[in-house]
Amino acid sequence: EDQVTQSPEALRLQEGESSSLNCSYTVSGLRGLFWYRQDPGKGPEFLFTLYSAGEEKEKERLKATLTKKESFLHITAPKPEDSATYLCAPRFSGGGADGLTFGKGTHLIIQP
Amino acid sequence: SQTIHQWPATLVQPVGSPLSLECTVEGTSNPNLYWYRQAAGRGLQLLFYSVGIGQISSEVPQNLSASRPQDRQFILSSKKLLLSDSGFYLCAWSVGLGGYTFGSGTRLTVV
Numbered sequence: 042e043d044q045v046t047q048s049p050e051a052l053r054l055q056e057g058e059s060s061s062l063n064c065s066y067t068v069s070g071l072r073g074l075f076w077y078r079q080d081p082g083k084g085p086e087f088l089f090t091l092y093s094a095g096e097e098k099e100k101e102r103l104k105a106t107l108t109k110k111e112s113f114l115h116i117t118a119p120k121p122e123d124s125a126t127y128l129c130a131p132r133f134s135g136g137g138a139d140g141l142t143f144g145k146g147t148h149l150i151i152q153p
Numbered sequence: 028s029q030t031i032h033q034w035p036a037t038l039v040q041p042v043g044s045p046l047s048l049e050c051t052v053e054g055t056s057n058p059n060l061y062w063y064r065q066a067a068g069r070g071l072q073l074l075f076y077s078v079g080i081g082q083i084s085s086e087v088p089q090n091l092s093a094s095r096p097q098d099r100q101f102i103l104s105s106k107k108l109l110l111s112d113s114g115f116y117l118c119a120w121s122v123g124l125g126g127y128t129f130g131s132g133t134r135l136t137v138v
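So the protein lines, in turn, are chains S and B. The first sequence maps to residues 42 to 153 in this note's numbering. The second sequence maps to residues 28 to 138 in this note's numbering.
Quick caveat, the hints were computed from the structure, so don't treat them as lab data. For glycine and all other residues, C-beta sits at the position ideal for the given N, C-alpha and C. Hints may contain errors.
[Unchecked claim] Listed next, the in silico DSS-like pairs over lysine-lysine satisfying Cα-Cα at most 30 Å (straight line):
#1 B:K107 with S:K145
#2 S:K83 with S:K145
#3 B:K106 with S:K83
#4 S:K120 with S:K104
#5 S:K120 with S:K100
#6 B:K107 with S:K100
#7 S:K83 with S:K100
#8 S:K100 with S:K110
#9 S:K83 with S:K98
[Claimed, not checked] Derived list of chain B stretches under chain S, where covered just means 3 residues or more per stretch with a C-beta under 8 Å from a C-beta of chain S:
#10 63–74
#11 116–127
#12 130–138
[As the list claims (entries may be wrong)] Derived Cβ-Cβ restraints for the label pairs, each shown as a range:
#13 B:Q72 with S:T117: 31 to 37 Å
#14 B:P45 with S:R102: 43 to 49 Å
#15 B:S85 with S:E86: 23 to 29 Å
The following block holds chain S by itself, in its conformation from the complex (with noise of 0.2 Å):
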């Protein structure tokens, strides 16, 4: 059984136009949640954590919650640059060095 699970896994937007990405978790005990952004052929690249139900993180057009069993990533007018690979990666207690679970990702297009 997943313990992380992305959707969309595909979403397709036209420029300006908001949404969001949900990233859920089923086990207990989450010490921070990470979100990254990722181009095509590239390593993933670190957007915000996220450590308590209630937290908010923002970045330009992005906007990163957290509730006890979910996180968001919020596209607010996003534009053609934002199109990426966006993947969240749960950190739980007991899970040591090995300790972020990454989810399969979200692929985002931005259309102009």
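Since the structure of chain S is provided, determine the placement of chain B on it from the hints.
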């Protein structure tokens, strides 16, 4: 500032040939180091992680091995590559409970 170097960027190797991918980290001491593989259309798969020199933990049985000869050097190896070893290999580091910082990746194609 901390940086991570991973090379080569692309590699094409015949089946049965050896492999050595290297990753080095600068600007931090005693990092946790990781090797991931990302196959087309699939998520990140953790292959190995290391909490210190000579300490390697393997997540999945496979044709690959890892070594950490120095504090900030992590090497991924294979004695004989298989077609199924093709993929995008990523090195990453972390300290404590922080997030991971990834290298730029190596695209390996086994032919």
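Each hint, compared with the structure:
{"no.": "1", "hint": "B:K107 with S:K145", "in the structure": "holds (29 Å)"}
{"no.": "2", "hint": "S:K83 with S:K145", "in the structure": "holds (16 Å)"}
{"no.": "3", "hint": "B:K106 with S:K83", "in the structure": "holds (26 Å)"}
{"no.": "4", "hint": "S:K120 with S:K104", "in the structure": "holds (15 Å)"}
{"no.": "5", "hint": "S:K120 with S:K100", "in the structure": "holds (14 Å)"}
{"no.": "6", "hint": "B:K107 with S:K100", "in the structure": "violated (45 Å)"}
{"no.": "7", "hint": "S:K83 with S:K100", "in the structure": "holds (20 Å)"}
{"no.": "8", "hint": "S:K100 with S:K110", "in the structure": "holds (22 Å)"}
{"no.": "9", "hint": "S:K83 with S:K98", "in the structure": "holds (24 Å)"}
{"no.": "10", "hint": "63–74", "in the structure": "holds (count 4)"}
{"no.": "11", "hint": "116–127", "in the structure": "holds (count 7)"}
{"no.": "12", "hint": "130–138", "in the structure": "holds (count 4)"}
{"no.": "13", "hint": "B:Q72 with S:T117: 31 to 37 Å", "in the structure": "holds (32 Å)"}
{"no.": "14", "hint": "B:P45 with S:R102: 43 to 49 Å", "in the structure": "holds (45 Å)"}
{"no.": "15", "hint": "B:S85 with S:E86: 23 to 29 Å", "in the structure": "holds (27 Å)"}
Checked against the numbered hints given earlier, this structure breaks only hint 6.
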